[in-house]
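Here the structure of chain A is known, so what remains is to put chain B in place on it, guided by the hints.
Top line first, the protein sequences correspond to chains A and B. The opening residue of the first sequence carries number 2 in the numbering used here; numbering runs sequentially from there. The opening residue of the second sequence carries number 2 in the numbering used here; numbering runs sequentially from there.
Wrong hints could be hidden among the right ones.
Copies of the same chain are indistinguishable here, so a pair counts whether it falls within one copy or spans any two.
To be verified - Subject to a maximum C-alpha distance of 25 Å in a straight line, what follows is the list of computed SDA-like cross-link-like pairs (lysine to any residue): (1) 277 with 250; (2) 3 with 14; (3) 277 with 222; (4) 3 with 117; (5) 277 with 357; (6) 277 with 223; (7) 3 with 126; (8) 277 with 197; (9) 359 with 61; (10) 277 with 198; (11) 277 with 227; (12) 3 with 209; (13) 3 with 76; (14) 359 with 15; (15) 277 with 24; (16) 3 with 92; (17) 277 with 361.
Honestly, the hints are just simulated from the structure, not real lab data. Keep in mind that this is a model prediction, so the values were computed, not measured.
Number of protein chains: 2
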Amino acid sequence: MKITRVEAIPFSIPTRRPFAFSGGAVHHAEHVLIRVHTDEGLVGQAEAAPRAVMSGETQATVVAVAGGWLEGACVGADPVRVEDIHARLRPLAGNHTARAALDIALHDVVGQAYGVPCSVLLGAYTDRVPVSHMVGFASPEESAEEAADLRARYGVSAFKLKVGVGADHDLATCAAVRAAVGPDALLYADANHGYRADEALQVLPRMAEWNIAWVEEPCPAEDRVGRSRIVDQLGIPVAGDESCRSLAEVASEVMDGRCRMVSVKTARSGYLTSRKIVALCEALGATPVCGSQLEGAIGAVAQAAFAASHEATARFPAELTGFLAYADDVIAEPPVIANGEMTVSGRPGLGITIDEGKLAHYRCD
Amino acid sequence: MKITRVEAIPFSIPTRRPFAFSGGAVHHAEHVLIRVHTDEGLVGQAEAAPRAVMSGETQATVVAVAGGWLEGACVGADPVRVEDIHARLRPLAGNHTARAALDIALHDVVGQAYGVPCSVLLGAYTDRVPVSHMVGFASPEESAEEAADLRARYGVSAFKLKVGVGADHDLATCAAVRAAVGPDALLYADANHGYRADEALQVLPRMAEWNIAWVEEPCPAEDRVGRSRIVDQLGIPVAGDESCRSLAEVASEVMDGRCRMVSVKTARSGYLTSRKIVALCEALGATPVCGSQLEGAIGAVAQAAFAASHEATARFPAELTGFLAYADDVIAEPPVIANGEMTVSGRPGLGITIDEGKLAHYRCD
Numbered sequence: 002m003k004i005t006r007v008e009a010i011p012f013s014i015p016t017r018r019p020f021a022f023s024g025g026a027v028h029h030a031e032h033v034l035i036r037v038h039t040d041e042g043l044v045g046q047a048e049a050a051p052r053a054v055m056s057g058e059t060q061a062t063v064v065a066v067a068g069g070w071l072e073g074a075c076v077g078a079d080p081v082r083v084e085d086i087h088a089r090l091r092p093l094a095g096n097h098t099a100r101a102a103l104d105i106a107l108h109d110v111v112g113q114a115y116g117v118p119c120s121v122l123l124g125a126y127t128d129r130v131p132v133s134h135m136v137g138f139a140s141p142e143e144s145a146e147e148a149a150d151l152r153a154r155y156g157v158s159a160f161k162l163k164v165g166v167g168a169d170h171d172l173a174t175c176a177a178v179r180a181a182v183g184p185d186a187l188l189y190a191d192a193n194h195g196y197r198a199d200e201a202l203q204v205l206p207r208m209a210e211w212n213i214a215w216v217e218e219p220c221p222a223e224d225r226v227g228r229s230r231i232v233d234q235l236g237i238p239v240a241g242d243e244s245c246r247s248l249a250e251v252a253s254e255v256m257d258g259r260c261r262m263v264s265v266k267t268a269r270s271g272y273l274t275s276r277k278i279v280a281l282c283e284a285l286g287a288t289p290v291c292g293s294q295l296e297g298a299i300g301a302v303a304q305a306a307f308a309a310s311h312e313a314t315a316r317f318p319a320e321l322t323g324f325l326a327y328a329d330d331v332i333a334e335p336p337v338i339a340n341g342e343m344t345v346s347g348r349p350g351l352g353i354t355i356d357e358g359k360l361a362h363y364r365c366d
Numbered sequence: 002m003k004i005t006r007v008e009a010i011p012f013s014i015p016t017r018r019p020f021a022f023s024g025g026a027v028h029h030a031e032h033v034l035i036r037v038h039t040d041e042g043l044v045g046q047a048e049a050a051p052r053a054v055m056s057g058e059t060q061a062t063v064v065a066v067a068g069g070w071l072e073g074a075c076v077g078a079d080p081v082r083v084e085d086i087h088a089r090l091r092p093l094a095g096n097h098t099a100r101a102a103l104d105i106a107l108h109d110v111v112g113q114a115y116g117v118p119c120s121v122l123l124g125a126y127t128d129r130v131p132v133s134h135m136v137g138f139a140s141p142e143e144s145a146e147e148a149a150d151l152r153a154r155y156g157v158s159a160f161k162l163k164v165g166v167g168a169d170h171d172l173a174t175c176a177a178v179r180a181a182v183g184p185d186a187l188l189y190a191d192a193n194h195g196y197r198a199d200e201a202l203q204v205l206p207r208m209a210e211w212n213i214a215w216v217e218e219p220c221p222a223e224d225r226v227g228r229s230r231i232v233d234q235l236g237i238p239v240a241g242d243e244s245c246r247s248l249a250e251v252a253s254e255v256m257d258g259r260c261r262m263v264s265v266k267t268a269r270s271g272y273l274t275s276r277k278i279v280a281l282c283e284a285l286g287a288t289p290v291c292g293s294q295l296e297g298a299i300g301a302v303a304q305a306a307f308a309a310s311h312e313a314t315a316r317f318p319a320e321l322t323g324f325l326a327y328a329d330d331v332i333a334e335p336p337v338i339a340n341g342e343m344t345v346s347g348r349p350g351l352g353i354t355i356d357e358g359k360l361a362h363y364r365c366d
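This is chain A alone, in the form it adopts within the complex:
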């Protein structure tokens, strides 16, 4: 089997309401459908969800790089030779999101070729994963209402709260959501670099009152000294996300003791590199958690397959509700969340079908 073409289709779908966090907001899914075409007719697909505030990539850069470097490195290669294709791409720096989507699309082809779902291809630890919901910036009351609503409709009992906007707002949000979802729900926080380190050490300890299980990116990634102090002094574990974008960054952060948990996002590091990151976490005793880039339904399907594949990633709920933020999607059958869980697809590869009418409607090239 040989790759004949890498197609990049930009599409834009509005959010139901803007999703805000410290440092930005998402108003539209300005995403890209990556399609890997082969000479045997199999087509691998994946969704690139670029976030300029995270990686510097935009919809336009993903389209440019997919049609340039990625296609150039892939055409003529056998899609099962995933390590070889990554080696061909190695000279290209950055472009994590574009590379990740290509990697997942390759795995989609491979799964189809072998007749097995991606979740089986990757390890087949389980066939369902507990789901966590990421609550964006809003008033404490709105956040509590959103969490209670998710719990009622989908049985979700794990919530990530976006904080880093200011002590009063953030602590009130913790209090309101904890009151709304009860003592057994898993709550954790993500400051997205919103606090200065000293501020983080004043605000975050007070979150223990509402049993916040861990805090992601408490202060700017470049403040290594501050982060080390937070890890040393805060009684709540610190998770790395923006500071842990690549295998080498995870190694540096975990080995130097600047985090004990790592947010793993297949939207950012694809399957191949995400597996290496999970292996590194296992080796060093750090805990991987499957995070969200607010990808749409295709990305959620891909992330769920990954989360279900490994014992280490199935341990904590995976952030899989991002696609609910959008008013529509290009997938024919969105994934189902019930009883707080998402069951992985049993179909070969990612097992997704695109609604071509919707794709034609939302594409923006």
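Chain B only, in chain A's frame:
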């Protein structure tokens, strides 16, 4: 004064012959002319020289980001408020090359507005800088011939040798170039990650025989343990380049002892961030060296102005001959190298004039 528009004009000019290094080669200047237009008629200009192997940016991503984020952050702002414009851009990750060109174009406007050259605006340490020439991969004989030719034609007596291809070739190149340029010339080497760390420790000590003054990026940037060993064991100083792309990376590398010299490139970090990097180097006792991204003549003018501005950057020769690699240029008057030096422009701002006919000929949008 208000910025009214950020224009990005891609242009492509072939090299006289491909410029090769460990990990890639440059065949064309696939660069972008950034123009910052203002309501007072002043126009700031700079050249973006994206290198996908260094930063992941390409001509297409620079154009996309300049017309998107950069213009969005700038329009309506006063160009003299450089720190404010950088603050507006802070949410955007990466895109160092595009950001750098914008920053230099802003300084070009500011210099014109104040009626002073950029080199004066930035510190005015001197008005001329010694020039270093970067010799690309070739046979040892060709490299020696190239160095001797540069010495004869321009009086250049500092040369960076691209190594990392293999011990025999690299050592033969050092020997041949040293023989060609004599004992007084400054020779240093750049492996561009070409050696594994253990290999670097076998090959590099032998370079002392030809008085190689320092070695850039001896091994892959992610091999932090290996690099630390090289710094500790090698009798030749190690310079950071690919591992030192941002202010935070320079801080991390220098403070953790993984390099003692830092390649500073205004093509990568613009004027504002490059100045902060130079200040950090001064603070920590590290040595900045003005490197080259193989920018064209506009970039060389910008880099020369920077190198001449600070005592710390004027200490060692600056890599300013990159523009000689191209068959032509879009600048009306290319900078002059004579007696091994480049004299900075005395005109306001960068002091450059574009040859509009050539720009029209080479533009590729």
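Status of each hint after checking the structure:
no. : hint         : verdict
1   : 277 with 250 : both (12 Å within a copy, 23 Å between copies)
2   : 3 with 14    : neither (32 Å within a copy, 34 Å between copies)
3   : 277 with 222 : both (22 Å within a copy, 18 Å between copies)
4   : 3 with 117   : within (19 Å within a copy, 59 Å between copies)
5   : 277 with 357 : neither (34 Å within a copy, 51 Å between copies)
6   : 277 with 223 : both (24 Å within a copy, 14 Å between copies)
7   : 3 with 126   : neither (30 Å within a copy, 59 Å between copies)
8   : 277 with 197 : between (31 Å within a copy, 20 Å between copies)
9   : 359 with 61  : within (20 Å within a copy, 28 Å between copies)
10  : 277 with 198 : between (30 Å within a copy, 21 Å between copies)
11  : 277 with 227 : between (28 Å within a copy, 20 Å between copies)
12  : 3 with 209   : neither (54 Å within a copy, 48 Å between copies)
13  : 3 with 76    : within (7 Å within a copy, 47 Å between copies)
14  : 359 with 15  : within (13 Å within a copy, 43 Å between copies)
15  : 277 with 24  : between (29 Å within a copy, 23 Å between copies)
16  : 3 with 92    : within (22 Å within a copy, 40 Å between copies)
17  : 277 with 361 : neither (36 Å within a copy, 48 Å between copies)
Consistency note: the structure conflicts with the earlier hints numbered 2, 5, 7, 12 and 17.
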